[in-house]
Amino acid sequence: MIEVSRYRPAFKPDLRYAYATGRIRALESRQLRRQDIERLIEVRHPEEAVRILTEGGYGGELPRLEGWSDFEYMLEIQQRSVIDLLSELSKDTSISDLFLERYDFYNLKVLLKAKYSHQDLDHLLIGIGRTSIDLLKKAVMESDYRGVSGAIKDIIGWVDTVWEGMLDPQLIDVAVDNRMYDRFLSIVVPFGNRFLHDWLRLEIDLANLRTFLRLKWLGLEDIMDQVLVKGGTIEELKFLSLRGESWERVIEAFRKTGYADVVAEGVGHLLDASSFSRLESLSDGLIISFLRRAKLQPFGIEPLIAYVLLREYEFKAVRAIVVGKMNGVADDLIRERVVNGYV
Amino acid sequence: MRLTVSATRMELLRLKKRLILARRGHKLLKDKQDELMSQLLGLVERIGEVRREVETRLEEVYGHFLSARMSLDDRTLEAALSFPGKVVKLKATQRLILNIRVPVLKPEIEGKIYCYGFASTPGDLDVALKKLEQLLEKMIQLAEMEKTLQLLADEIERTRRRVNALEYVLIPDLQEAIKYITMKLEEMERESLTRLMRVKEIIRGE
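Protein chains in written order, with the numbering used here: chain A, 258 to 600; chain B, -16 to 189.
Chain A extracted, bound-state conformation (with noise of 0.2 Å):
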């Protein structure tokens, strides 16, 4: 179990990401703040938001945002940014492949749903990844597997296997996400940097811990066994052997781990709310402290690496900022969702 708050990094320094590190430390910098986004979260229209945004260095380059109906194109701009970031400065490049591939995954869903649903869902695909979608789509569309992993051949064949029989399209998701954490960890445990297979192991966690809670409050145990991601400190079997009993003892069998204030709030409010917004940001407010204590490793990939996701999160709570402006919800709601997980 990876006890966040008193995780201590025990880390070598890696000189080779001297530089990197030194920018890293230099873009923090410029990162959104408390004060930024409270600021955000104080403007009457989106469009102010987006404005701030955009003075604030995120709108780049980009010629043609002239509202906040752009804010989305305006972050994926940002997105891509970072990730460009990545690929510059990593010295390890199964590292940067790593959030690459999340890319080629989601254009996998994509493109299965599209063959299987016979629609065109070419304006959902994102041109980012490590595989052009072209080749993507040839090894979907027509079994030519030529440029795409392992990973990815074998979910487009298991998908082709199984299909006729279930007809189920969330199939598709779930053995894309599986096999994803599964491609993820064959990259991350040879690589042996203990700050990331942690993050990940602790991603696994939290996502099998936010599904256990879902199918249980949508009544669908039974399906527990298949949606379950493997990898992560928790045991399958612990989420298993909690089908069927009370809230209570769910919230039981957590409090002694580092997730225990996840759970018992998460669940207060689902059961108080209908709503899974708090368990959400509470976790992911656990990732970002676990992030943040990357800033104690000297040099290394952790703090290129923390900076990304960070970055990423950032996107979220601006996202979320913009959102529900632009539908009107309220400062109060919009930053205790935010405060929760960004701050």
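Just so you know, the hints here were simulated from the structure itself, not pulled from any lab data.
Nothing here was measured: the structure is a model prediction, and the numbers come from that model.
Each statement offered as a hint is correct.
To be clear about the criterion: a stretch of chain A counts as covered by chain B if any three or more of its residues have a C-beta under 8 Å from a C-beta of chain B, and this derived list gives those stretches:
| id | segment |
| --- | --- |
| 1 | 361 to 369 |
| 2 | 472 to 478 |
| 3 | 581 to 588 |
Quick partial rundown of chain B residues pointing at chain A, CB under 7 Å, derived from the structure:
| id | residue |
| --- | --- |
| 4 | D56 |
| 5 | R58 |
| 6 | E61 |
| 7 | G68 |
| 8 | Y99 |
| 9 | G100 |
| 10 | P105 |
| 11 | G106 |
| 12 | V110 |
We treat Cβ as the ideally placed atom computed from N, Cα and C, and that holds for glycine.
The hints should help you fit chain B onto chain A, whose structure is shown.
Coordinates of chain B only, in the frame set by chain A:
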């Protein structure tokens, strides 16, 4: 007088029969209109209740959906929902209300509403879909009731036009034509009587 009639006894009899028929038709249509109105008012009240419930619950659904959208970009959210697993087929039959064919919608629902993976989607999407699923039958019921209401309102409009046409045009016209023929016939009778009296006087004078 709008009706062009010849002032004969045959015509008078024909018009009187038409008047009786028109009055009977008017009464029947008036009764139908009253019944339709009472059905409509009852339905409006029931629709009001169902619509309020549907709108309140839809607001909750949108709230949870918005919460999900706040933590996921638009493309990923659309991708998650792009291949729905639940198929809703509507079987439409008809029933009669005062000879008006109104729809009866019977949903045939199969499949799972959760068509996405849990590891990369927010939980509030589940909440929104669960609440939407629970609401679906109510929404279909509301659609059926609102279509029935529309058909009843159309029929009331048509019936009112017929009632008004009978009440304000045909019946007064027939009454006027009957009155005209009656007066004309009486006039002719008086003429004939006067003629006969004059002939009688002439004969007596000889």
